[in-house]
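A.B. asks: Protein chains in written order, with the numbering used here: chain A, 1 to 256; chain B, 1 to 256.
Worth flagging that the hints you see were computed from the coordinates, not collected in a lab. Everything hinted at is true.
If you want a taste of the chain B side facing chain A, the calculated C-beta under 7 Å gives, among others: (1) H141; (2) G184; (3) G225; (4) P226; (5) A240; (6) E247; (7) M249.
According to the in silico footprint, chain A covers these stretches of chain B (three or more CB under 8 Å from chain A): (8) 96–106; (9) 228–239.
Where is the CB? At the ideal position from N, CA and C, for every residue including glycine.
Protein chains: 2
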Amino acid sequence: MQRYFVSSSRFKDNNITITGDDVHHITRVMRYNVGDKIICNNEEGKAAICRISQVTSDEVQVIIETWLNENVELPINVTIAQGIPKGDKFDLVVQKGTELGAHAFIPFQADRSIAIWDKKKAEKKLQRFEKIIKEASEQSHRNKVPVIKSPVSVKDLIEESKNYHVKLFAYEEEAKVSKHQSFGNIINRLDPGQDILVCIGPEGGFSPKEAGLLKENNFSPVRLGPRILRTETAALYALASISYHFEEMRCSECQQ
Amino acid sequence: MQRYFVSSSRFKDNNITITGDDVHHITRVMRYNVGDKIICNNEEGKAAICRISQVTSDEVQVIIETWLNENVELPINVTIAQGIPKGDKFDLVVQKGTELGAHAFIPFQADRSIAIWDKKKAEKKLQRFEKIIKEASEQSHRNKVPVIKSPVSVKDLIEESKNYHVKLFAYEEEAKVSKHQSFGNIINRLDPGQDILVCIGPEGGFSPKEAGLLKENNFSPVRLGPRILRTETAALYALASISYHFEEMRCSECQQ
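This is chain A alone, in the form it adopts within the complex (with noise of 0.2 Å):
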């Protein structure tokens, strides 16, 4: 069944209005009409069954049916802070990082981000990185949309990391050194219900100043496996091991 994500304002009783784009999805793309069923979701990463009773050309109002005890969302909140990357590199991260549970994004403006995001810029980025996501999270079924921030210099990071729990970064570096601190430790005394920050340089990586500053400021250096991954392919798989850590290996409804 389609899902869509729905301002929590527009639910009244039993009653939901859709307005804007998803109007157009629901109606021209999916062909839905008066009788059809979608899934609704609210910003409290609640959902729904709703059936379709009204259309006009820019509203479509829909039944609460049956609300779903679901659970989809990564019990960690992973935040993937990434250096600002070339090219379209940051669409994949948004949109494979949302599949894999991301809670937020931040971009940031690293020493050795080649590409520069004047404000005019972001605000162009961040509209489209808006629209990847939510559409990642109704196809990837997420109960929650996850959030991207305005892109941030590494001091107002280290400003930002004082909320979270646990903070890292991707130091290719640190695979280099054969006594490491493990990513696998670091993962294993995380706490459900915890903040964590993972940090990604952009291509090349952090420079020297950027990594001793992030030491200073009690991020843990990691590396994520002994080969050198793309900027892109690092966030991937802090989330991919994330979920499999929480959601695979300690699963609690599955066959031992």
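Following the hints, position chain B against chain A.
C.D. replies: Chain B only, in chain A's frame:
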């Protein structure tokens, strides 16, 4: 240091003769000359630091200086069998799959594959994939270059599967069953050196007929986390999880 994969037949005593596209890359892209150093990998997975001793228009001669004692290969041989997807998604699977440590790739024509690769198309595709895989192997500092096999049918895939210790397939329906076999438990039972075949359906997943056939032939259905992943994301989730399990969680060299 830039890395090149060179056929073992080109290694003679302490000398290696490099020909083909790599000559262009060494002399024109990297602008290396006599005296500069590169890393050469042979097909057995051994790598050496080499010094360029001679450059002509179609050959680069290098002298081996030091054999490296490095191993960045996944301890499990993971073969990704991917249902032929639409567009250029297979490019992403082989590029990211190589970075994440895949041993081999097998494209297969599934019931729900919309694209059909006839013989001529398949030949062109395979050449393209080989190039992407070689470049990704060099970039990610792999010791071995993954193999890409010719497209097969599901019947052929089942025949091929007899060569593997463990075989599984991602089955979306499995994510909806509360009591299901855990991907984590299957991975946990693997021993280093074993061969595992991970099968991913195309867009829309496996047909019920294919799923039945695979189950009859001892493929275990698994979910890859509770969210619905796009076809090209599923292979990356499986590889990242196996890397995390064996290379980061069980990291013997890491600080505890």
